[in-house]
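Novice: Offset between the sequence shown (1-based) and the numbering used here: plus 644.
Certain hints may be false.
Here are the computed lysine to any residue pairs in the SDA-like style, where the Cα-Cα straight-line distance is at most 25 Å [what the hints assert, rightly or not]:
1) Lys729 - Thr700
2) Lys686 - Trp749
3) Lys729 - Asn696
4) Lys729 - Ser697
5) Lys718 - Ile743
6) Lys718 - Ser697
7) Lys686 - Gly659
8) Lys729 - Asp701
9) Lys686 - Gly746
10) Lys686 - Val757
11) Lys729 - Leu754
12) Lys707 - Asn696
13) Lys729 - Ser664
14) Lys686 - Lys729
15) Lys707 - Gly653
16) Lys686 - Ser650
17) Lys729 - Gly652
Estimated spans, in silico, between C-beta atoms of each pair [claimed, not checked]:
18) Ser745 - Ala666: 14 to 22 Å
19) Gly746 - Arg709: 25 to 33 Å
20) Asn719 - Ile743: 13 to 21 Å
21) Ser745 - Gln682: 19 to 27 Å
The set of hints was computed from the structure by calculation and includes no laboratory data. A quick note: this is a predicted structure, and the numbers were derived from the prediction, not measured. For glycine and all other residues, C-beta sits at the position ideal for the given N, C-alpha and C.
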Amino acid sequence: VQLQASGGGLVQAGGSLRLSCAASGLFYDTNAMGWYRQAPGKQRELVARIANSGRTDYADSVKGRFTVSRDNAKNMVYLQMNSLKPEDTAVYYCNAHAIWSGESWGQGTLVTVSS
């Protein structure tokens, strides 16, 4: 499995960024894809995920500001981030969840939100 994330960068508070993840070689039992993040000194946490059914889940801290979507034809997953806050600063990781084959991770892309 290869997950290539892009789109991170430096943005001012209140601004927007769109992360993209290009997936290839996904396990046959992959049933969801999403985004996690890890801030310095903190554990990795779920940001948003989208199941094959289209169902989405979001961390409470990003509800109403972030939107996860996918393009199955292109094997792409996106994270639209609006109204960014300094506390959103973290390395964002693309994730693919497979029922039996387990988790796969991309290399991470850094998002820095300045106040």
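Novice: When you check the alpha-carbon spacing of Lys707 and Asn696, does it fall within 25 Å?
Specialist: Judged against 25 Å, a Cα distance of about 20 Å means the pair holds.
Novice: Decide if the proposed pair is consistent with the structure: Lys729 and Leu754, CA atoms, cutoff 25 Å inclusive.
Specialist: This hinted pair holds, its Cα atoms lying about 14 Å apart.
Novice: With respect to the beta-carbon atoms only, verify the hint that Ser745 and Gln682 lie 19 to 27 Å apart.
Specialist: 23 Å, holds
Novice: For the pair we were handed, Lys686 and Val757, check the Cα-Cα distance against 25 Å.
Specialist: 17 Å, holds
Novice: If you check the beta carbons of Asn719 and Ile743, does the distance land in 13 to 21 Å?
Specialist: 18 Å, holds
Novice: Next pair to validate is Lys729 with Asp701; report whether the Cα-Cα distance is within 25 Å.
Specialist: 20 Å, holds
Novice: Under the criterion that the straight-line Cα-Cα distance not exceed 25 Å, is the pair Lys686, Gly746 satisfied?
Specialist: It holds: about 23 Å lies between the C-alpha atoms, which stays within 25 Å.
Novice: Hint check: Lys729 vs Asn696, CA-CA at most 25 Å. Holds or violated?
Specialist: Since the Cα atoms of Lys729 and Asn696 sit roughly 29 Å apart, the hinted pair is violated (cutoff 25 Å).
Novice: What's the verdict on Lys686 and Lys729, does the C-alpha distance respect the 25 Å limit or exceed it?
Specialist: Holds, at roughly 17 Å.
Novice: For the pair supplied as a hint, Lys686 and Trp749, is the alpha-carbon distance within the 25 Å limit?
Specialist: At roughly 18 Å apart (the allowed maximum being 25 Å), Trp749 and Lys686 satisfy the hint.
Novice: Against the 25 Å threshold, does the CA-CA distance of Lys718 and Ile743 hold or violate the hint?
Specialist: 22 Å, holds
Novice: For the pair supplied as a hint, Lys686 and Gly659, confirm whether the alpha-carbon distance does not exceed 25 Å.
Specialist: Given that 25 Å is the threshold and the Cα spacing comes to 23 Å, the pair holds.
The structure fails hints 3 and 4 (numbered hints given earlier, in ascending order).
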